[in-house]
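Protein chains in written order, with the working numbering: chain A, 1 to 244; chain B, 1 to 244.
Think of the hints as simulated: they come from the structure by calculation, not from any bench.
Think of the CB as a built atom: it goes at the ideal place given N, C-alpha and C, for glycine as much as any other residue.
One or more hints might be untrue.
[Unchecked claim] Which residues of chain B face chain A? A partial, calculated answer using Cβ under 7 Å:
#  : residue
1  : ALA44
2  : GLU63
3  : GLU64
4  : ARG96
5  : VAL97
6  : HIS135
7  : ILE150
8  : VAL160
9  : VAL164
10 : LEU184
11 : HIS191
12 : GLY201
13 : ALA221
14 : GLU224
15 : GLY237
16 : PRO241
This is what each chain is made of:
2 protein chains.
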Amino acid sequence: MTSQEARRRLEALGLDDDAVGALHAHFADAERRGKAGHGFSRVAWLETLDFDGDARPARVLAEEGLERWDGSRALGYLVLEDIVRSVLAEPPAHARVVVAERCFPTGALGYWVRRLAEGGLVAALTATSPRRLPHPAGGPPLTGTNPLAIGIPSSDGAPVVADVSMGAVTHGDVLAGRARPDELVPFGGEHSHKAFALAVGLELLVAALAGPEPGAVLVVARPEHDPVPALRELAEGRRLPGEG
Amino acid sequence: MTSQEARRRLEALGLDDDAVGALHAHFADAERRGKAGHGFSRVAWLETLDFDGDARPARVLAEEGLERWDGSRALGYLVLEDIVRSVLAEPPAHARVVVAERCFPTGALGYWVRRLAEGGLVAALTATSPRRLPHPAGGPPLTGTNPLAIGIPSSDGAPVVADVSMGAVTHGDVLAGRARPDELVPFGGEHSHKAFALAVGLELLVAALAGPEPGAVLVVARPEHDPVPALRELAEGRRLPGEG
Numbered sequence: 001m002t003s004q005e006a007r008r009r010l011e012a013l014g015l016d017d018d019a020v021g022a023l024h025a026h027f028a029d030a031e032r033r034g035k036a037g038h039g040f041s042r043v044a045w046l047e048t049l050d051f052d053g054d055a056r057p058a059r060v061l062a063e064e065g066l067e068r069w070d071g072s073r074a075l076g077y078l079v080l081e082d083i084v085r086s087v088l089a090e091p092p093a094h095a096r097v098v099v100a101e102r103c104f105p106t107g108a109l110g111y112w113v114r115r116l117a118e119g120g121l122v123a124a125l126t127a128t129s130p131r132r133l134p135h136p137a138g139g140p141p142l143t144g145t146n147p148l149a150i151g152i153p154s155s156d157g158a159p160v161v162a163d164v165s166m167g168a169v170t171h172g173d174v175l176a177g178r179a180r181p182d183e184l185v186p187f188g189g190e191h192s193h194k195a196f197a198l199a200v201g202l203e204l205l206v207a208a209l210a211g212p213e214p215g216a217v218l219v220v221a222r223p224e225h226d227p228v229p230a231l232r233e234l235a236e237g238r239r240l241p242g243e244g
Numbered sequence: 001m002t003s004q005e006a007r008r009r010l011e012a013l014g015l016d017d018d019a020v021g022a023l024h025a026h027f028a029d030a031e032r033r034g035k036a037g038h039g040f041s042r043v044a045w046l047e048t049l050d051f052d053g054d055a056r057p058a059r060v061l062a063e064e065g066l067e068r069w070d071g072s073r074a075l076g077y078l079v080l081e082d083i084v085r086s087v088l089a090e091p092p093a094h095a096r097v098v099v100a101e102r103c104f105p106t107g108a109l110g111y112w113v114r115r116l117a118e119g120g121l122v123a124a125l126t127a128t129s130p131r132r133l134p135h136p137a138g139g140p141p142l143t144g145t146n147p148l149a150i151g152i153p154s155s156d157g158a159p160v161v162a163d164v165s166m167g168a169v170t171h172g173d174v175l176a177g178r179a180r181p182d183e184l185v186p187f188g189g190e191h192s193h194k195a196f197a198l199a200v201g202l203e204l205l206v207a208a209l210a211g212p213e214p215g216a217v218l219v220v221a222r223p224e225h226d227p228v229p230a231l232r233e234l235a236e237g238r239r240l241p242g243e244g
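Can you build the whole structure from these sequences, using the hints too?
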């Protein structure tokens with residue numbers, strides 16, 4: 001799907017100009033980074049989802065240590081878009097936890113923490129999704145693929161952005177026929193109990209704070225130090241997470 | 001090393017009764033859970049470290065959203081012990097980020113989040129340590145093994161506790177001769193770039209907030225929901241993280 005076709009079909013979903021722009025920017029960024037599974041192909045998938053094109057998320061609690069947002073029936077992308085804009089407009093004095101209830105789908109989480117890191121903030125973000133990963137011993141799916149993304153600003157330019165899903169393949173790979181459904185298991189082979197444990201921990205963290213529907217939890221803080229340049233030097237040119 | 005010998009040798013390190021009790025309880029818990037690498041054998045290792053037996057950590061900033069602690073020259077175990085006691089004594093109204101500067105060694109992180117979860121709080125904790133994991137493409141060590149531990153309370157009894165190091169083996173395994181030094185790499189085999197990315201993200205998260213020496217970052221929050229019983233049911237008796 002081309003960029004122009006994606007925009008046209010997003011408009012046809014009843015989304016307003018701002019929402020179309022936010023979604024298109026997310027998909028275009030994924031395409032540029034070679035994450036085609038999070039790119040324009042997602043527009044055809046959005047057309048199959050049940051959501052309210054007019055809905056926008058609402059901030060329902062705003063304390064210094066915690067904000068709570070309700071995605072209502074809006075697309076999760078737009079929930080995170082509004083949260084990122086809000087955090088950048090009013091950054092925490094020190095640190096803030098942001099809980100997003102009813103926040104699905106959330107796209108490539110690295111996109112959101114990168115924007116926060118480009119705005120000078122340290123950010124860690126996780127989000128749940130329909131249960132797709134089984135226990136390493138088999139059985140029904142117990143958790144989502146539950147990525148964890150971490151973004152760190154740097155004085156030497158681009159932030160470092162880690163964005164790791166706990167699945168050996170992505171659901172997008174399965175949808176696109178690039179992987180078999182039985183390959184969608186916790187990553188790690190003989191150590192898959194580790195990725196499974198992370199998926200369970202993140203699943204329950206989000207569920208305990210945001211409730212039974214897929215949601216997201218963001219931790220954002222002002223950095224006190226600038227550790228990226230020294231790590232880049234130590235890496236001697238080897239690729240760090242999130243580098244092109 | 002026996003429990004009695006461990007206590008005697010801890011006392012000989014110049015630690016007061018409270019500190020000896022806290023360390024002994026940590027090691028005894030690790031022994032009970034079959035994590036011998038975090039158990040009494042660590043006392044011999046502590047005897048080789050440079051620390052101040054009289055030092056106790058200090059809380060240097062206390063805002064609603066963030067606390068900052070300085071471990072000074074105390075053992076990291078005692079920094080986390082004081083932080084856990086403090087959080088349980090004065091839990092956050094909603095959520096709190098706790099940054100611990102100069103906090104090493106930190107032991108089995110699951111121990112700390114389990115105590116917080118047993119106290120009714122959701123907790124996520126990570127900590128850095130000397131650089132031991134190289135890039136998947138080789139080269140010098142770039143990050144610590146940087147575990148992430150997540151504890152979730154449950155109305156049906158024991159909390160779920162995930163505690164995952166990013167190494168394929170532990171440094172303790174190498175010290176004990178159970179693993180070769182070249183096996184201490186990011187876990188995951190063909191997907192080791194994922195564990196490496198998590199290790200880098202957590203390394204920089206801690207370093208950006210706590211500074212260049214090994215430190216720890218804890219996020220603690222009051223749960224709004226109780227997702228563990230439903231997950232236990234769905235798992236049909238399969239072992240969840242942290243279960244005996």
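Quick rundown of the hints versus the structure:
no., hint, verdict
1, ALA44, "violated (27 Å)"
2, GLU63, "holds (5 Å)"
3, GLU64, "holds (5 Å)"
4, ARG96, "holds (6 Å)"
5, VAL97, "holds (4 Å)"
6, HIS135, "holds (5 Å)"
7, ILE150, "holds (3 Å)"
8, VAL160, "holds (6 Å)"
9, VAL164, "holds (5 Å)"
10, LEU184, "violated (13 Å)"
11, HIS191, "holds (4 Å)"
12, GLY201, "holds (3 Å)"
13, ALA221, "holds (6 Å)"
14, GLU224, "holds (6 Å)"
15, GLY237, "violated (9 Å)"
16, PRO241, "holds (4 Å)"
Against the hints set out earlier in the document, violations occur for numbers 1, 10, 15.
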